[in-house]
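Given the sequences, and given the hints that come with them, work out the whole structure.
Heads up: the sequence lines are chains A and B, in that order.
Using this note's numbering, read the first sequence as starting at 7 and increasing by one per residue.
Using this note's numbering, read the second sequence as starting at 7 and increasing by one per residue.
Errors might be hidden in some of the hints.
Note: identical chains are not told apart, hence a pair may lie in one copy or across any two.
Here are the simulated BS3-like cross-link-like pairs (lysine-lysine), alpha carbons at most 30 Å apart as the crow flies [stated by the list, open to error]: (1) LYS157 - LYS180; (2) LYS69 - LYS29; (3) LYS69 - LYS85; (4) LYS160 - LYS185.
Read the hints as simulated data drawn from the structure, not as lab findings.
2 protein chains.
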Amino acid sequence: MKKLYVVGIGPGDRDSMTGAAVKALTEADLIVGYTTYIGLVKAAFAGDEDFEGKEYFETPMTKEMDRCAYALTQANSGKTVAMVCSGDAGIYGMASPILEGAERFPEVEIEVIPGVTAATAGGALLGAPLGHDFAVISLSDRLTPWEVIEKRLKAAAAGDFCIALYNPRSHGRKDALEKAVGILLSAGVDAKTPAGVANSIGREDATIILSRLDAIPYEEVGMTSTVFIGNSATYIDGVRMITPRGYKKG
Amino acid sequence: MKKLYVVGIGPGDRDSMTGAAVKALTEADLIVGYTTYIGLVKAAFAGDEDFEGKEYFETPMTKEMDRCAYALTQANSGKTVAMVCSGDAGIYGMASPILEGAERFPEVEIEVIPGVTAATAGGALLGAPLGHDFAVISLSDRLTPWEVIEKRLKAAAAGDFCIALYNPRSHGRKDALEKAVGILLSAGVDAKTPAGVANSIGREDATIILSRLDAIPYEEVGMTSTVFIGNSATYIDGVRMITPRGYKKG
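In structure tokens:
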């Protein structure tokens, strides 16, 4: 059987991977992924006998289509392949492009292995910021027009959703988070709404920031950050950001 | 050190747990949770030496506050306690109520261990239904007025979010999903929008249903179901529900 796993490795440390993810990576002849994620896998399994002689194929961030084509072609040639994604395989991950490309390789069986996404891993570091209904929005406009992102932010504000913002800020998009905050404030979200930042989730140097919507320290938000905005019931108890599970009174 | 872990065990089978979840459960003297989840833990670690002599405390579903009080009190008395939640600890899980109750127990260190939530685990079974921005909404009105749920559904529709619906239907709320679908249709979501159902995720008898918004077979949706509604770009390729990661054209 020709097999391709699309594996969510979570934040990247071995303890954050599921048993199923470890099994798929162990079974694979070839592991394919973005350079940074391949580095995480190699570090997580350093010294592990099962990974001696493992073949790797890495490409820079913007080369998803090359990675997909290579992974599918290699699986079709008979290798057991694992395509790795940070976090979950389906949330802004490689499950979509792999499945979109899979039609041309009907003999390859594709199995998606879910993982711990940054909304939950970062949420755990901050406390329980997503304890009630929430929206996940990426601020990257590389594949999505900014107008769509803006529409989603306004809708999340109108729905009083807790929000997890992925890709909040990078070298090339220094103002994305600030623009998003401006949209939320204009849409009526209270400036005092609790906001939190989780940086470098799953790594030794992980940090969190507890703040409020109008006071997020943008300079401390970067490529490894996930940003959390509360709903109208969220509060900070001093050390944690907590969204109650329910509305005790209507 | 007095320690209380709030552990997301994912769908419940051992392979879906993270290494950190397994470590916390192994370390715990006492495991506390809803009866069904305690059953999953016992099944996952049946025959495991580390779990011989493990103490368990289980309560019915609606007794969250009893569970929290017991877990915190026992941790404060010196036991290492693990409070288990299905899926993630923070997503409609016990992290919020534990942290809300933690103020009275300042000596207890609380650590939230994230897990694979149904949005990602069910998504993996269906393909990649949440490949772009998405909203997670619970249809349970036990702790949330229906008006709030309705507002969130309308907002998710306005934002063209993919949607994962938790607690879509139960014996006591047979019409919740049908009502929610009606709200989405009234809010302008296309009746032909792909919809999927994942039942009994993580179990031997897991099943999926691929359908469309106006044709979900309500009778096949129950307590173990998670329902997925696509965005305007989602499609079904015959065997899978796929939401592309981006909008190639504006």
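Consistency of the hints with the structure:
Taking the closest pair of Cα atoms, LYS157 and LYS180 come within 30 Å of each other only inside a single copy of the chain (20 Å); across copies the shortest separation is 33 Å, beyond that limit. For the homomeric pair LYS69 and LYS29, the shortest alpha-carbon distance inside one copy (26 Å) is at most 30 Å, but the shortest distance between copies (36 Å) is not. For the homomeric pair LYS69 and LYS85, the shortest alpha-carbon distance inside one copy (21 Å) is at most 30 Å, but the shortest distance between copies (50 Å) is not. Taking the closest pair of Cα atoms, LYS160 and LYS185 come within 30 Å of each other both inside a single copy (12 Å) and across two copies (24 Å).
Violated hints for the displayed structure: none, as all numbered hints are satisfied.
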